[in-house]
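Chains as they are written, first to last, in the numbering used here: chain G, 1 to 348; chain P, 349 to 1050; chain E, 1051 to 1238.
Hints listed in this document are in silico derivations from the structure and should not be mistaken for laboratory results.
Don't take each hint at face value.
Far from chain E, by Cβ distances over 10 Å, these chain P residues were calculated [said to hold, decoys possible]:
| # | residue |
| --- | --- |
| 1 | Arg384 |
| 2 | Lys414 |
| 3 | Leu446 |
| 4 | Arg535 |
| 5 | Ala543 |
| 6 | Asp616 |
| 7 | Gln654 |
| 8 | Glu680 |
| 9 | Lys755 |
| 10 | Glu802 |
| 11 | Glu824 |
| 12 | Lys834 |
Result set (DSS-like, lysine-lysine): computed pairs, CA atoms no more than 30 Å apart in a straight line [claimed, not checked]:
| # | chain 1 | residue 1 | chain 2 | residue 2 |
| --- | --- | --- | --- | --- |
| 13 | G | Lys348 | P | Lys580 |
| 14 | P | Lys749 | P | Lys788 |
| 15 | P | Lys354 | P | Lys580 |
| 16 | P | Lys580 | G | Lys237 |
| 17 | E | Lys1132 | E | Lys1159 |
| 18 | G | Lys237 | G | Lys16 |
| 19 | E | Lys1076 | P | Lys755 |
| 20 | P | Lys788 | E | Lys1159 |
Even for Gly, the Cβ is constructed at its ideal location relative to N, Cα and C.
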Amino acid sequence: MNFKIASSPHTHVRRKTPAVMLFVAIACLPGIAVQTWYFGIGTLVQICLAILAAVAAEAACLKMRQRSVLPRLKDNSALLTGLLLGISVPPLAQWWVVVIGAIFAIVIAKQIYGGLGQNLFNPAMVGYVVLLVSFPLSMTLWVPPLSLVEYPVTVQDTLMLIFTGYSETGFSLAQLRVDLDGYTMATPLDTVKTALTNQQTYQEILNQKVFSEGTGIAWFEVNLAYLLGGLFLLQQKIINWRIPVAFLLTLTLFSFILHSASPDGSASTILHLFSGATMFAAFFILTDPVSASTTAKGRLIYGALVAVLVFLIRNFGGYPEGIAFAVLLANMAVPLIDYYSQPKTYGK
Amino acid sequence: MDSLIKTIKSGYLWRFPGGVHPPQKKSLSQTGQIKRPELASKYYVSLKQHIGQQAEACVQVGDKVKKGQMLSRADTAMQLPVHAPTSGIVTDIREHILAHPSGLGEQTIIIEADGSDEWCQREGLDNYQQLPPAQILDKIKSLGVAGLGGAGFPTHIKNSRPEAIELLIINGAECEPYITADDALMREHAADIVAGINILNHLLEAKLVVIAIEDNKPEAIKAMELASADEKDIIVRVVPTKYPTGGEKQLIQVLTGKEVPSGGIPADIGIVMQNVATAYSTYRAVIHGEPLIERVVTLTGESISQAGNYWVRIGTPVAHILTQAGYNQPAEGRLIMGGPMMGFSIHSPLTPVSKITNCLLAPAMNELPDPADEQACIRCGYCADACPASLLPQQLYWHSKAREYEKAQHFDLFDCIECGACAYVCPSEIPLVQYYRVAKANIRQQAAENEKAEKAKERFNQRQLRLEEEKQARIEKQRLAAEKRKQTMQEDASAKDKIAQALARAQAQKASRSTDQAKEQAPAQSTIASDSKNNSPKSAAQAAIARAKAKKAAAQKADNEAMQSAADTDQSDIEKTAKEKAQAAIARAKAKKAAAQKADNEAMQSAADTKQSDTGKTAKEKAQAAIARAKAKKAAAQKVDNGEHANVVEPIEQSDPKTPEPTVDKPASGETNQMSQQDDKSQRIKAAIAKAKAKRKQLGGD
Amino acid sequence: MNIVLYSILVLGVLALIFGALLGYAKIKFKVESDPLVDQIDEILPQTQCGQCGYPGCRPYAEAIANGDDINKCPPGGDATIKKLSDLVGVEAKPLAGTEEGEQTEPVKKVAYIREDECIGCTKCIQACPVDAILGAARHMHTVIEDECTGCDLCVEPCPVDCIDMLPVKTRPDNWRWQLQSIPVQQID
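Extracted from the complex, chain G is given alone in its bound form:
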């Protein structure tokens, strides 16, 4: 008799890293579906492009670093990064935008740091911020919901726009954003930001077309769908409740205080929570395990910190949406947070 030697424990949970990544990707599906419903199949095209670019970049990097390619690709982390980035970019942005972002996310933000588990920053958000800074025009040109645009965008238009920059009928993206009355439309947060700087009151702003009953058309539903996916992740115990809860609570609190203090000069809590990338970020971006805090207390601090930063950027910063920046800033603070939020060891 000869026996195999192994180290205890001899039993393991069946859910491995690839499965965890896949679960997160699956939980994105409701959000993606709603997004596609309101903004057209551009979203899907972007996601596909981003995943392809991310996986290809990951494979190339692993090859160059002389690591085994296939086993590491199977951990699905590149897929998830691509997916998250694809969701974040405007649906009708040109193809090279998202490709550059995905490659940057994988090569610079992840592989150069040493691959999975070693990156300091959330790769998808690094990719997003690089794009936002480098191609601000492309990255801010979100088409309004399909129901609001003058010239409905067909599938063919979408593909033409993404791959050539012009629709079949020769319109550019900027022209497509014009509404039935000839106004250019932006995202709700963008609209609020622009209007507030133009001395409009919040109540006046809400009368604009992109809003309906105090929330952004389409954006409310999209956020709801991501909230649903997030709840699924929580139920599956894939993610810990602390980060999303701390994030959403803090954002609610701050926006509530500000909105109470200046109802005309600031967006309402409901708008903060259900527009932009709030829910998507709360459950899918902040909870990226590698770059987030890992202690119980640390997670609360991290979530709250991102919320504060988002709140500050949205209300007082130059950008209408601040999640990507807030996440990256908070990522930098993670080692510090982790160090000072060690739990009390048993018996100490």
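Given chain G, work out where chains P and E should sit, using these hints.
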């Protein structure tokens, strides 16, 4: 504490952080009676069965032993004896594989069973209530009772703590999956266990005894409740099933809400915990006088057809009981001693069952699949959520892997109980516990090495001090003797000098002969040295070499005395017959050396001596020199064995090890005999240079 | 002119005051810090083997403090070199006599005297830097295993070559969880 006991009695339970719920799989072995397998033909009783030192064997090969006979003697408190598991003959006492994850061997008594299984004399203490605790403890110790739950901690030590104990917890939680040994024991021997608890509590005088059982063992709970119904100080407390509730620290936290201080023991907070099986064997030992020679072992896993609980004698090779239980080994199978969470895989079927073996788990191929390759840590934090000690396993892993042990200790590595919950939940299949174990072992090793280095340094310094003292004493003695001789010789020079000279020569020869004796052993020189007829010429040659060396050394010294002796040296080089003068030179050189090492006034004195002999009468000078030389040699010989070695090598060692030490050493030995004149000369020069260098260094150092 | 004089005077007085203050502080608040040599000596493995070219660890520590290379200690291996480089601020080099990247994890050894071959010459006793060898002239010698630093110094002087340097045996107590190493199988 009283209010706490009230709370405990009220049924309140606390909870510990983390924990996991691995599949229980207890049903595999949970049903049926505890079976008794046939006797094995050979038993391997390891002398080391628990933490602490191993006891000394007190039987010899060939001895006939009876079942239960003591096989080893425990002299210190932490030792425990082992006993013969059956009657038979001691066939061997040698290293044999140990029930230990390393698969390494330790001294083991091998007994060939005679099949009669005949008991030795047993003596119980029926009236233990009337006896002093020391006597009961002694009984428990001499019968080898150890904690049967985990580390095999000697029971008598746990029960003789000087601290006041408020609470005795009897651990029947058995939280590891698969294992049902304690469960079976509680079901079948509840009354005996309660009797054992009474003995333990008689020793501890705790205010309350809590028997803790996980809620997945309803039958055992019922049995224990029934058995302890009449005991007002014993309560049975059902705890929720969660791994690792059965861990000592965790169970204390669940039952009392208290935490054992880091690095401390439960007795520090007034609690003692014993396993149910320990209580049972305490009962067998005290009431029936039976030593701990068997225990309940769960044989389980899908590779075992008759899974269940078995009474297994300590020392039974696992192969024997596996055969009895119908084991079909899968290809490349694992055999785990202990449970799937904390058990270790064993190397050999001849591994004996030890006092701490509670389970043998033989999984089928797909039952407990081998972990896949370790993947990158994604810092998901599942491990931190699962850790019952509130550690940060991901940080510990990070630092352990990078061998940053100080940082790992900063994250409380040593508070890890190695329960395996973190590695169980890790989605990247990182063998976290293995990393921690290696880190802990390395840290302990490092600490031991540091301690050893500290000791070595101390010993080295002590030695240096001693050598220095010896040297001073030698020099002092030499000086005194020289003075005395001088005095006597001044009184009666002409008559005595010849005798003294002869004596000195004889002594010198003797000294050099003893040197040769030592040298004889050197293989390179044995052929020469074996020729004993060469002794006298050899010694003469040696003396000559020594002289020359000394002279050369002296010649290179840059003071007026050196100049003088240099003249002498030249003279003696030309006139080989002028031995006496050379001897004088040696004496001078030696005196100089002494002078250099000694305080100023002494140096002055010897310098004066030298001068005197230089200018003085030839006869006297001769004698003096000879005596001095002889004395020096004798002193050197006294020191250890080899005057040349001591005188020449030592200063060099202390000052400049780069000087060609062997070349200095060798000419002094018998080898020189065969050297050609020229070799001899060059060697001498070399040696002299070396010596001079050494001297200069020494002087510079002084 | 006066201004110049005044300024010189003022500055001079100030210099004196501060000098006195500093001098006083130096005496009053003297820090009994561990001298560098002691700190280096702490790091060295104290085998006293002399393989560095110095007679013992302390002399080598002194030499390092005076600028000698830090890579001359074979018993300490890379770990010691790394610690030394951290302490004295010199770049870590591979151990003298080895190539870059070569693993120089030292194997712990102890001296063992084959006792029936020992002639009792006491040479090893003299060589032992930590007095770890017991014995008397013409009597068999033996090594106190716990005290032996594995320095090799007793091997050379032995005239009959009866001293072996044996690697320290791994026992369950000092086993370091090397699960991958293949244990000796016992055939019975």
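How the hints compare with the structure:
| no. | hint | verdict |
| --- | --- | --- |
| 1 | Arg384 | 25 Å, holds |
| 2 | Lys414 | 24 Å, holds |
| 3 | Leu446 | 6 Å, violated |
| 4 | Arg535 | 34 Å, holds |
| 5 | Ala543 | 35 Å, holds |
| 6 | Asp616 | 26 Å, holds |
| 7 | Gln654 | 25 Å, holds |
| 8 | Glu680 | 16 Å, holds |
| 9 | Lys755 | 14 Å, holds |
| 10 | Glu802 | 7 Å, violated |
| 11 | Glu824 | 21 Å, holds |
| 12 | Lys834 | 32 Å, holds |
| 13 | G/Lys348 <-> P/Lys580 | 35 Å, violated |
| 14 | P/Lys749 <-> P/Lys788 | 12 Å, holds |
| 15 | P/Lys354 <-> P/Lys580 | 14 Å, holds |
| 16 | P/Lys580 <-> G/Lys237 | 44 Å, violated |
| 17 | E/Lys1132 <-> E/Lys1159 | 22 Å, holds |
| 18 | G/Lys237 <-> G/Lys16 | 13 Å, holds |
| 19 | E/Lys1076 <-> P/Lys755 | 35 Å, violated |
| 20 | P/Lys788 <-> E/Lys1159 | 22 Å, holds |
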